[in-house]
Amino acid sequence: MSGNATGTGPLLEVEGLHVHFPVHGGILRHVVGWVKAVDGVSFAVRPGETLGLVGESGSGKTTVGRAIINLLRPTVPGVRLSGAIRFASEGGVVDVNGLDRAAMHPVRAEISMVFQDPYSSLNPRMTVEQIVGGPLRIHARLTKAEIRERVLALLDRVGLQPQYASRYPHEFSGGQRQRIGIARALATRPKLVVADEPVSALDVSVRSQVINLMQELQEEFGLTYLFVAHDLSVVHHISDRIAVMYLGSLCEIGTAAQVYGDPVHPYAKALLSAVPQPDPHRRRSDRIRLQGDIPTPLRKPSGCGFRTRCPLAKPSCAEKVPELRDVGGGRLVACPEV
Amino acid sequence: MSEPLLRVVDLQTWFQVSGMTAKAVSGVSLEVRAGEVLGIVGESGSGKSVTALSFIRLIPDPPGRIVAGEVWFKGRDLLKLPWDEVRKVRGREIGMIFQEPMTSLNPVFTIGMQVMEPLLFHYDLSRDEAWERAVQALDGVGIPDARARMGDYPHQFSGGMRQRVMIAMAMICDPAILIADEPTTALDVTIQAQVMELMLDLHRRRDGAAVVLITHDLAVIAETCSRVLVMYGGKVQEEAEVVELFERPLHPYTKGLMDSIPHVQDKGKRLATIRGNVPSIFDLPEGCKFCTRCPVVEPRCWTEEPPLREVAPGHRVRCHLVPGTPA
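Sequences listed follow chains F and D, in order. Following our numbering from start to finish, the first sequence increments by one per residue and tops out at 338. Following our numbering from start to finish, the second sequence increments by one per residue and tops out at 327.
No lab work stands behind these hints: they were computed from the structure. Quick caveat: nothing in here was measured; it's all calculated off a predicted structure. Note that beta-carbon positions come from the ideal geometry of N, C-alpha and C, so glycine has one too. Any given hint could turn out to be false.
[Stated by the list, open to error] In silico contact screen, one side only, chain F against chain D (beta carbon under 10 Å); selected entries:
1. Gly58
2. Asp95
3. Leu99
4. His170
5. Phe172
6. Gln176
7. Ile211
8. Val275
9. Asp293
Could you put together the complete structure from these sequences and hints?
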């Protein structure tokens, strides 16, 4: 995949990403197995677009996000990562996956992250000013006064009053904390924001405020989002394109209208048909019932990961891992049966 | 209309935390009718869970206390019954399913023991009889190879299977009312659909039994409930049949909630929002609980709490600005 409608290359290109976590066992805690959390994932994100990454628990969607900001190696000892994560940074295209700590440092200012839990992702001992100004102290050569000025401008932009700067996270509600997290993510004026379930922990009445804010900021700053979430109606609303993951692999990727309105892959179909609709007249009778549970990524089925629950499964599905292929309209699907 | 299964009158449940009083439920009256699926929808702090827990006095005291109200069930006020009488109702006549199946099952007892327990407590059954009934119950909720799995422990089951076990336990004594508090919130969407269908299927097969479904998700309400209560700030703000509520929401809070759901046709547009944040239950306004965020608020809303008035048959609203009679 290279090039797009605007003639420039993708901002982010993930190719053949594998992330395997070690499983320790026995008295000596040696490695007894590997969890294949991400098992060969490739996709590209174009500048200015929002790519929604959806999947159920264990699908690997969060791990993909963490690999992109290079957060796995420092936090998970012994993790095995392979594949390329090419990011078009200020200084040219770099492979994030191959960068050491020092080389990653300038790139970190250009890729930031918004986390799911607005309660645990903000340091309770730091004031809002310290939290939002943190990335600036690390990345920008600014005086204290300049940092303060930038922090106040950021708070204003995300809808928080300037007097909040000296307060601590526990003084805020969930929605306000998520605004603080967004202000922190934008402090270094990044190009790419990886948002991992940014609105899942919020109440419905506050969720729409945060979604609107994220869309406004995207237009204003020309941001590119990788929006990782499990709530499909929210993902459809905010995304230009949607990628569906199951058990560490991509099943389908296409425009929001293609994937949400008319999914093709049997898993994507089942997932979309399971989404409850807020309309009492449209109670579903055509829901696709999947049998059984999602297998553990520790014992992934051979071949296609979905074959144990797939209504179209054939013996040949156990032999080969299906590759993404173009089924028309730019939509890619990893299933030979459709 | 026949006598409701359960009738709650002016329930008040308060919590005392570090010298402050939180009126989690402040004056809720409702009915649960035979055969219906009653939805209670609300956000965090609305009082929806505390309301349902108060029915069977599952409020931890301290810090919580049911300070007033009546809960009439089969001619008795459950709030006035002696403790051991309440225990006979709980689990046998009113069953409960909680949100988190991992924390509501005991990790050191086998699944079989836990599913049998309500039978042994409430009925004069031998262990062998209870064992057989438990196997049937697990089989009935779709646990594959139920007999063999009776000896397994909760951690050996997946989240969806644990929630099935919870349903089997809650239904094993054939209760008249099943209270389900966010039963699928912790589950993945495909598993959520399976569990919800199972619950409704079991409900349909039992004549005259009722389900009280507590959720924050309006889409789940739309798909499953027959009647809905919308709660905010410890009070019922609106009550209606499900179709009526979705077609003609009247309370500004209900309207705001409905509008903030993303709809397919509105993609790309800004979502409608409710301004401000959910107020702390320690700091609720004196008048209408929604006045701090209401788009059509008037001066009297700040000081004078509107009553819950019937504006159409079965449709009740707590708002000064909704006319008393339907147009």
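Evaluation of the provided hints:
Hint status for Gly58(F) relative to chain D: holds, with the closest Cβ pair at about 9 Å, below 10 Å. Interface hint status for Asp95(F): violated, as the beta-carbon distance to the closest one in chain D is roughly 33 Å, over 10 Å. Annotation: interface hint on Leu99(F) violated; nearest CB of chain D at approximately 34 Å, more than 10 Å. Because the smallest distance between the Cβ of His170(F) and any Cβ of chain D comes to about 12 Å, over 10 Å, the interface hint for this residue is violated.
Interface restraint check for Phe172(F): the shortest CB-CB distance to chain D comes to about 9 Å, inside 10 Å, so the restraint holds. Using the Cβ-Cβ criterion of 10 Å, the hint placing Gln176(F) at the interface with chain D is satisfied: the shortest such distance is roughly 6 Å. Of the supplied interface hints, the one on Ile211(F) holds, with its beta-carbon coming within about 6 Å of a beta-carbon of chain D, less than 10 Å. Residue-level restraint check for Val275(F) holds (minimum Cβ-Cβ distance to chain D is 6 Å; threshold 10 Å).
Taking 10 Å as the C-beta cut-off, the interface hint given for Asp293(F) holds, the closest approach to chain D being about 5 Å.
Of the numbered hints given earlier, the model fails hints 2, 3, 4; all others are met.
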